[in-house]
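*Asks:* For the protein sequence lines, the chains are B and S, in the order given. Residue numbering for the first sequence follows my numbering, starting at 1 and increasing by one per position. Residue numbering for the second sequence follows my numbering, starting at 1 and increasing by one per position.
FYI, nobody ran anything at the bench for these hints, they're computed from the structure. Accuracy of the hints is not assured; some may be wrong.
Per the computed footprint, the stretches of chain B lying under chain S, defined by three or more beta-carbons under 8 Å from a beta-carbon of chain S, are [claimed, not checked]: (1) 159 to 165; (2) 181 to 191.
Pairs of lysine to aspartate or glutamate residues, derived as EDC-like cross-links and limited to a Cα-Cα distance of at most 20 Å, are as follows [as the list claims (entries may be wrong)]: (3) K192(B) / D207(S); (4) K79(S) / D189(B); (5) K112(S) / E124(S).
Only part of the chain S face toward chain B is listed, based on derived beta-carbon distances under 8 Å [said to hold, decoys possible]: (6) F57; (7) L75; (8) P77; (9) F86; (10) N88; (11) P104; (12) Y227; (13) Y305.
Think of the CB as a built atom: it goes at the ideal place given N, C-alpha and C, for glycine as much as any other residue.
Residue strings, one per chain:
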Amino acid sequence: MSHPAGPNAAGLRRDALVERLTLFSLSGPALLLVTMTMLVPVGWLFWLSFLDDAGGFSLEHYRRMLVQPSYGRAFRITFEISFITTAICILLGYPLAYVLSQLPRRAANICMIAVMLPFWTSLLVRTYAWLVLLQRQGVINTWGIKLGLWDTPLALVHNLNGTLIGMVHIMLPFLVLPVYASMRAIDQDYLKAAANLGASPTRAFWLVFLPLSLPGLIAGALMVFILCLGFYVTPAVLGGGKITMVANRIATDIELFFNWGAASSLGVVLFVLTGMILYLASRIVRLDRLLGGGGA
Amino acid sequence: MARDAALPIAVRRLTKSYGTLRVLDAVDLDVRRGEFLTLLGPSGSGKTTLLMMLAGFVRPDCGSIAFGEREVIRLAPHKRDVGMVFQNYALFPHMDVAGNIAFPLKLRGIGKAEALQRVEQALELVKLGGYGARRIDQLSGGQRQRIALARAIVFEPRILLMDEPLSALDKQLREHMQIELRQLHERLGMTTVYVTHDQREALTMSDRIAVIDQGCIRQIDTPKEIYERPTNRFVAEFIGESTFVTVDVDTAGCTFNGIPLALASQPARKGPYHLMIRPERLSILEQSVSAGVNVLPATVTAAIYQGDSVLVHASLPDGTMVSVRASASVRAPVAGEKLNLGLNAADTYLLPVEESAA
Numbered sequence: 001m002s003h004p005a006g007p008n009a010a011g012l013r014r015d016a017l018v019e020r021l022t023l024f025s026l027s028g029p030a031l032l033l034v035t036m037t038m039l040v041p042v043g044w045l046f047w048l049s050f051l052d053d054a055g056g057f058s059l060e061h062y063r064r065m066l067v068q069p070s071y072g073r074a075f076r077i078t079f080e081i082s083f084i085t086t087a088i089c090i091l092l093g094y095p096l097a098y099v100l101s102q103l104p105r106r107a108a109n110i111c112m113i114a115v116m117l118p119f120w121t122s123l124l125v126r127t128y129a130w131l132v133l134l135q136r137q138g139v140i141n142t143w144g145i146k147l148g149l150w151d152t153p154l155a156l157v158h159n160l161n162g163t164l165i166g167m168v169h170i171m172l173p174f175l176v177l178p179v180y181a182s183m184r185a186i187d188q189d190y191l192k193a194a195a196n197l198g199a200s201p202t203r204a205f206w207l208v209f210l211p212l213s214l215p216g217l218i219a220g221a222l223m224v225f226i227l228c229l230g231f232y233v234t235p236a237v238l239g240g241g242k243i244t245m246v247a248n249r250i251a252t253d254i255e256l257f258f259n260w261g262a263a264s265s266l267g268v269v270l271f272v273l274t275g276m277i278l279y280l281a282s283r284i285v286r287l288d289r290l291l292g293g294g295g296a
Numbered sequence: 001m002a003r004d005a006a007l008p009i010a011v012r013r014l015t016k017s018y019g020t021l022r023v024l025d026a027v028d029l030d031v032r033r034g035e036f037l038t039l040l041g042p043s044g045s046g047k048t049t050l051l052m053m054l055a056g057f058v059r060p061d062c063g064s065i066a067f068g069e070r071e072v073i074r075l076a077p078h079k080r081d082v083g084m085v086f087q088n089y090a091l092f093p094h095m096d097v098a099g100n101i102a103f104p105l106k107l108r109g110i111g112k113a114e115a116l117q118r119v120e121q122a123l124e125l126v127k128l129g130g131y132g133a134r135r136i137d138q139l140s141g142g143q144r145q146r147i148a149l150a151r152a153i154v155f156e157p158r159i160l161l162m163d164e165p166l167s168a169l170d171k172q173l174r175e176h177m178q179i180e181l182r183q184l185h186e187r188l189g190m191t192t193v194y195v196t197h198d199q200r201e202a203l204t205m206s207d208r209i210a211v212i213d214q215g216c217i218r219q220i221d222t223p224k225e226i227y228e229r230p231t232n233r234f235v236a237e238f239i240g241e242s243t244f245v246t247v248d249v250d251t252a253g254c255t256f257n258g259i260p261l262a263l264a265s266q267p268a269r270k271g272p273y274h275l276m277i278r279p280e281r282l283s284i285l286e287q288s289v290s291a292g293v294n295v296l297p298a299t300v301t302a303a304i305y306q307g308d309s310v311l312v313h314a315s316l317p318d319g320t321m322v323s324v325r326a327s328a329s330v331r332a333p334v335a336g337e338k339l340n341l342g343l344n345a346a347d348t349y350l351l352p353v354e355e356s357a358a
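Please work from the sequences and hints to get the whole structure.
*Replies:* See below:
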């Protein structure tokens with residue numbers, strides 16, 4: 001590095017450095033907190049996953065994951081549930097976001113509060129509320145039978161159905177928000193231009209609106225999918241013990257078998273898989289941006 | 001495209017209100033076959049609303065719009081078959097240049113090979129041949145403008161609508177594009193309705209100008225007529241600079257503060273009139289006065305040197321301030337000096353005093 005010589009050069013350089021250090025020091029407390037509460041424990045768990053019972057280095061926990069079918073099943077069901085939840089969220093959330101984006105701003109904001117309302121209630125409370133609603137003598141079954149919609153109580157909870165209902169309910173805002181934002185950003189003139197050039201409303205939607213809202217949809221779907229991968233409470237309560245996702249498996253390993261190494265290795269694998277999905281998705285989204293969709 | 005393929009537009013009693021606000025008030029407008037007509041007016045005058053109704057994006061309260069023989073007022077926008085250039089171009093960011101231009105062709109079921117050829121033709125027409133593979137965000141403002149135009153004409157619509165298409169460009173490019181658009185119109189001959197608030201743009205490009213204010217067409221005429229023979233004070237003030245003084249017309253002729261004025265044409269009625277004074281038509285008279293020039297005595301209040309000329313502010317006998325440009329090469333007048341301003345009889349144009357000023 002060549003330093004320009006001249007009057008006050010050294011002093012000015014020092015000022016610049018002090019300024020930068022001062023700014024950096026503002027992030028110090030937060031940085032410290034993240035290091036203490038995140039990096040250290042995660043690093044420690046990562047370390048644990050490579051130790052055997054005697055405390056020596058071993059890949060035993062990872063080997064067991066490959067050999068024991070119950071582990072594979074937990075991963076498969078985790079990804080399946082996450083995928084189905086994401087798909088349902090898209091089917092429900094995309095049209096909802098579309099309606100909201102077409103409303104006048106005031107009305108849209110009020111509706112948005114309704115969408116966000118569940119966020120202000122504890123996840124545990126919401127999950128138990130679903131249990132009350134969905135059980136055999138719950139509100140939904142009672143009313144359904146009273147109205148003659150069905151004869152015998154439907155199995156809505158303590159199974160995959162209940163887990164999916166609960167997860168979709170919790171995840172829906174995560175999809176609606178980014179999709180709504182990207183739809184709001186679409187200039188109405190694009191749709192006018194499409195119509196003017198001869199596109200019926202249906203074709204204008206498929207050819208112009210959907211592609212332009214795709215970045216938001218991908219972002220929302222990704223967020224839902226990744227958050228689903230780590231779900232614990234909802235499958236535990238609404239799945240009735242029949243739904244074992246990775247997080248539930250981790251809990252069992254610790255609570256029942258007190259096997260920190262096995263639990264840690266599950267966490268590490270889930271972490272790595274999530275990271276890989278994020279990386280792949282970022283490639284796809286960036287590709288999309290390259291095509292110009294991100295500019296809208 | 002052949003000029004006879006262009007369609008005339010007939011607008012009758014077109015009305016639109018938002019609540020109590022009347023945006024368009026029973027507007028009648030005829031755009032001739034192949035004509036370049038400009039809707040000119042201040043913002044909020046209703047000119048854009050009128051254009052959007054022609055395109056089908058705004059639903060009028062009542063009225064009639066006919067393209068040729070066909071009534072279109074209830075026709076959906078995608079069935080109207082008119083080209084449109086939007087103010088912000090509205091080029092689809094998720095398609096490249098060729099994709100944008102091919103979009104209307106694809107919707108019309110035109111085969112790939114032909115579409116490709118027509119896209120390239122349209123690109124050549126707007127002088128951007130070979131730009132098909134570019135992304136929209138790689139284009140400059142002027143290039144986007146041309147692509148938007150290419151997309152609007154590639155499917156050979158018989159009517160072309162433009163909503164302030166040049167307003168986002170800088171002055172130099174805008175002036176260049178005005179001439180280019182005009183030439184393109186002469187080549188293609190499609191009936192064109194152009195919206196702008198820029199009077200110079202309107203004067204430069206149009207066959208005829210419709211001046212709109214408060215939802216009414218105040219005058220529709222050629223640029224020359226609009227500028228030199230405005231029929232009302234709004235048009236006179238909106239287009240070009242002008243100063244008005246009150247004059248009296250009686251059987252003896254026209255007088256301003258007792259000074260007799262020769263007129264281009266004698267008005268039919270007696271009474272007070274507005275004399276429209278365009279500053280560029282005024283001159284500073286030296287000694288001799290030729291026939292057919294009206295003389296207005298004035299007192300100089302300020303003379304401002306501006307390089308190519310000297311801008312002289314002067315007050316007329318009734319106190320009205322006028323400005324006149326004097327050549328910088330002659331002796332500049334000084335404040336307080338009395339001089340005579342000349343106005344050719346041919347440029348001495350009277351406007352009736354309107355009952356209720358807008």
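*Asks:* Would you settle whether the hint for F86(S) is holds or violated, based on the nearest Cβ-Cβ distance to chain B being less than 8 Å?
*Replies:* Because about 5 Å separates F86(S) from the closest Cβ in chain B, which is inside the 8 Å limit, the hint holds.
*Asks:* Is the hint on P77(S) kept, meaning its closest Cβ partner in chain B is under 8 Å away?
*Replies:* 4 Å, holds
*Asks:* Against chain B, with CB atoms and a cut of 8 Å, does the hint on F57(S) hold up?
*Replies:* 5 Å, holds
*Asks:* Hint check: is the beta carbon of P104(S) less than 8 Å from a beta carbon of chain B?
*Replies:* 4 Å, holds
*Asks:* Verify the proposed pairing of K192(B) with D207(S), using a straight-line Cα cut of 20 Å.
*Replies:* 28 Å, violated
*Asks:* Taking 8 Å as the C-beta cutoff, is the stated coverage of the region 159 to 165 of chain B by chain S satisfied by three or more residues?
*Replies:* violated (count 0)
*Asks:* How does the coverage statement for the region 181 to 191 of chain B fare against chain S, requiring three or more residues with Cβ below 8 Å from a Cβ of that chain?
*Replies:* Three-residue rule met by the region 181 to 191 of chain B, so holds; n is 3.
*Asks:* Compare the distance between the alpha carbons of K79(S) and D189(B) with 20 Å, and conclude whether the hinted pair is satisfied.
*Replies:* 17 Å, holds
*Asks:* Per the CB criterion, is L75(S) less than 8 Å away from chain B?
*Replies:* Violated. Min distance 11 Å.
*Asks:* Verify the interface restraint on Y227(S): the C-beta must sit less than 8 Å from at least one C-beta of chain B.
*Replies:* 33 Å, violated
*Asks:* For K112(S) and E124(S), compute the direct alpha-carbon distance and say whether it is at most 20 Å.
*Replies:* Distance ~18 Å between K112(S) and E124(S) Cα, so the pair holds.
*Asks:* Do the numbers back the hint for Y305(S), that is, is its least Cβ distance to chain B under 8 Å?
*Replies:* 44 Å, violated
Checked against the numbered hints given earlier, the structure breaks hints 1, 3, 7, 12, 13 and satisfies all the rest.
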